[in-house]
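Line order of the protein sequences matches chains A and B. For the first sequence, position 374 matches number 374 in full-length UniProt numbering, and the numbering has no gaps at all. For the second sequence, position 522 matches number 522 in full-length UniProt numbering, and the numbering has no gaps at all.
Bear in mind the hints are in silico, worked out from the structure with no lab data behind them. Check the hints yourself; a few may be wrong.
Which copy is meant is left open, so a pair is good if it fits within one copy or across any two.
To be verified - Result set (DSSO-like, lysine-lysine): computed pairs, CA atoms no more than 27 Å apart in a straight line:
| hint | residue 1 | residue 2 |
| --- | --- | --- |
| 1 | LYS508 | LYS473 |
| 2 | LYS539 | LYS527 |
| 3 | LYS115 | LYS262 |
| 4 | LYS432 | LYS321 |
Spelled out from the first residue to the last, the chains are:
Number of protein chains: 2
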Amino acid sequence: MAKPKLKIVPLGGLGEIGKNMMSVEYGEDIILIDCGLMFPEEEMLGIDLVIPDISYVLENREKVRGIVITHGHEDHIGALPYILPQINVPIYCTKLTQGLISVKLKEAKLLHQTKINVIPSDGTFKLGKLKVDFYPVCHSLPDSVGLVIQTPIGAVVHSGDFKLDYTPVDGKPTNLSRLAMLGARGVLLLMSDSTHVELPGYTPSETVVGENIDRIIGAATGRVLVTTFASLISRQQQVIDAAAKYGRKLFFAGRSMTEIHKMATDLGYLKVPEGLVCNIEQLQRVPPEKVVLMTTGSQGEPTSALVRIANRDFRHVHIMKGDTVIISASPIPGNESLVSRTIDSLFRQGAKVFYDRIAKVHVHGHASQEELKLVLNLVKPKYFVPVHGEYRHLTMHAELARTMGVAPENAFVMEDGDILELNTKSGRITGKVPSGNVYVDGLSVGDVGGVVLRNRRMLSQDGIVVAIVAINKQTGMLVGRPDIVSRGFVDPDESKAMLDASRDLIIKLLDHDGKDIPEGAMYNDVKETLNKFYYEQTKRRPMVIPVMVKV
Amino acid sequence: MAKPKLKIVPLGGLGEIGKNMMSVEYGEDIILIDCGLMFPEEEMLGIDLVIPDISYVLENREKVRGIVITHGHEDHIGALPYILPQINVPIYCTKLTQGLISVKLKEAKLLHQTKINVIPSDGTFKLGKLKVDFYPVCHSLPDSVGLVIQTPIGAVVHSGDFKLDYTPVDGKPTNLSRLAMLGARGVLLLMSDSTHVELPGYTPSETVVGENIDRIIGAATGRVLVTTFASLISRQQQVIDAAAKYGRKLFFAGRSMTEIHKMATDLGYLKVPEGLVCNIEQLQRVPPEKVVLMTTGSQGEPTSALVRIANRDFRHVHIMKGDTVIISASPIPGNESLVSRTIDSLFRQGAKVFYDRIAKVHVHGHASQEELKLVLNLVKPKYFVPVHGEYRHLTMHAELARTMGVAPENAFVMEDGDILELNTKSGRITGKVPSGNVYVDGLSVGDVGGVVLRNRRMLSQDGIVVAIVAINKQTGMLVGRPDIVSRGFVDPDESKAMLDASRDLIIKLLDHDGKDIPEGAMYNDVKETLNKFYYEQTKRRPMVIPVMVKV
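Chain A extracted, bound-state conformation (with noise of 0.2 Å):
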């Protein structure tokens, strides 16, 4: 008999950047690849966060043998409070990723009822069949993994999100010489992190990073503020050790922030002289030169410590000329003015800022093109399928894998959902699951669809009038003179005369013996009569909602 078709099927972060989630499934054996969330864009009015769709894998959960999660960023573990439900697998991961995801879960009260299995970052499991190996890789985070499933055509490789820095702060390289044995045995497929495939050469070390938060903090004369990714643990050993070597005292500000530095010094990810972390109620009593604050807000989030601090609401802590500020991270994509405000409030106040336009504060943790051309050669696949990024790096991936001898038909381009099926002779795209946002907002998953959004859309474009017209349920004619409530459409005192010459309208409309006339007529007159009526005399388009009171 024929064996088993390897079966791949993407179900988040392919043809986007988020909510990464891949099902590797190979005859009754279905393993999933992290389980991750995207925040919201722009046009995604009111949703708090978005998760991938798994029908796919609730259609096929008697198969699923467990989630394995590479590192513990938001767009690995972030679906998880909402996908446990669903379908309670256990899940097996690093310790420190571990760390992260329980205080996720403990936030949801699902920690007790979820099994977490913590395997070393070069240790080796078992799931249905199917062996996985985890081998060590850079990224912005410690205790970042890809792995490595065996199966019985051949073996698959997950890169995880990775860099290749040969001086990593907590000096764990990422692990080439596995790669190369396994290439040298054969690797059936490569699956890779595409996020900065556009970037040309290689990504700075993160000891670059280091050696200037160590020259900007020694050069400091009064305090010194440093905001970073919460989750960015390095960067805070950077920082850590700047403080330490300067006799400077070490202060927190910000909920995650705060979490987050004692769950990986708990765990061992941090070492911290003894004395140098203090607390912020102690701010005031040490002397600015003596000071380094870190802070959340590297993304000018409207309610993180850092945008609190700049905009002078933030009880423990006001700028004062002297202050120096560290921006180390990049804004992500969408956030860009919410961080330039920021920094601007910073210098009115009289902050000097340093930020990645104007310092090398921070490096990214994605791999650039030259060391994806180096695990290319490393690990000469001969299937390779691009991961983590939108449809452009995907195919700029893709086509630097051809130009790296993988074969052009083997290089596959998939999206969300696509099915890839392979043997050791062919592979092929053969069909699509269901795929998709799944929207959170508030305490709902996925009942906010189309049609939602859409009006949210309107409504936030020229707001809405409401007409209450009151009819005589036996005369069917009208009782009284409308009503008309308008928000987010005009200001209701300048624009009182218009508002009440469309109230007349209505009267003049309905203004008869009403009996002939259907409500639903009556409201569509209503509606297109006030429509074209507020487009003449404003040029905007409110929505219009007539109400018929029956009386």
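Given the coordinates of chain A, assemble chain B onto it according to the supplied hints.
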């Protein structure tokens, strides 16, 4: 009698990018420099445009001698149609700028009543008692100028937007000798463009872009589509040259691109070989390898030609395999995701796309640090005011000026509305005039204020619920069952039960002899009850509006 002081009042463009407008006042004369608009930021929901507050100008209207325009970009001319009806003064500008302004004023039916004086790019004219000299500068638009205002207490130099391209496409570099001579004679005040002060080194020449566009068009085997800013006339010239060189025909798609091409050709700013440009109707009849198509859409604008082409929604052109697309522009902050999506969708349909992150197909039009230093070095002003930039840019540019020898107290970081008063001895900021954003929304200028925008913001997040409650005007008792109309809150079908429950809640609340309850209290009770109930049920906060209908 002491000479009057020179009064500098920025009304737009200082502390922000866009809506540039500066008032320069000496004695009985005010000269306005530029009159630009700003595109709305994300949170200015439904707003079409933003223009400066000109209360100060209107209060001093009898002093205003004219509006001098440095060049024809929207952020320098775009507010004219809104401001000229309020203060009809003559305009002074170069020929191409006049062409661009005329297109705009014609649309607004203001052309016949406006006096536009065309001045050569090295010309001189008088405004009241003040003499104004233009000097040519390089920018991303030909015929751009800086200006020198000769006042009785010294010369004021305003750079306009500029860079120091020594090899510009139109062969007219920034006139550095003129600046050197001015500097030798002594300059009282320099106001200089700060937009790109964050960038070290020199801005590359347009020539670099021309070479790359030539190379890409030369190597293409199918059609080539080029998009750029419609007003980037030098880029058009580069595309024209390459199309002619490789024996291709040139087509235009998109209204503004087509119009500006015609206008610039008529005025002699474009050199177009006979027979090169064809009507888009003929596109189908020309073989792909003979086609270059210039389109609007460099910012991913949803209704632009390129985006419609990418969405298969443009009659004359669909993307086919083998097409090459050059996006010769950078995304303006805020437009990044629109541009990304357009690129992805072009890739998806098989086009090869060159854009700023992967190819040098665009340079911007503003001076980098070394150029700004050179200008400071030549002009040697006593006073310095950085213009055109957000607060951080202005701060850095002032700092740069100090390192170049401007006395620390003579470099002023000003924001819109600040009044700077100078004489030959000293200067200081003496007060503030009204300034800020005036919103244009549909037909109205200025009536959309904080409340309307705040309402749009709320509506955009969680939608609206209108509760219609009929009350007997004699008894104060509830009549019938309250109605609930919601938009953008929940899916009304899926959440029918919840919405019905909220109607019951109102009945329960009002089911009593209502006579003693004032209507306001009833309104508030309904509102609070519903707010609480909906939040408990959904963790969303729709805008709740009770409407009491008395029958």
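(Q) When Cα atoms must be at most 27 Å apart, do LYS115 and LYS262 count as within-copy, between-copy, both, or neither? (A) within (23 Å within a copy, 69 Å between copies)
Q: At 27 Å max between alpha carbons, let me know whether LYS539 reaches LYS527 within a copy, between copies, both or neither.
A: within (16 Å within a copy, 32 Å between copies)
Q: Measure nothing new, just compare the shortest in-copy and cross-copy C-alpha distances for LYS508 and LYS473 to 27 Å and report within, between, both or neither.
A: both (19 Å within a copy, 25 Å between copies)
Q | Status of LYS321 relative to LYS432 across identical chains (alpha carbons, at most 27 Å) | A | between (59 Å within a copy, 23 Å between copies)
The earlier numbered hints are all upheld by this structure, with none contradicted.
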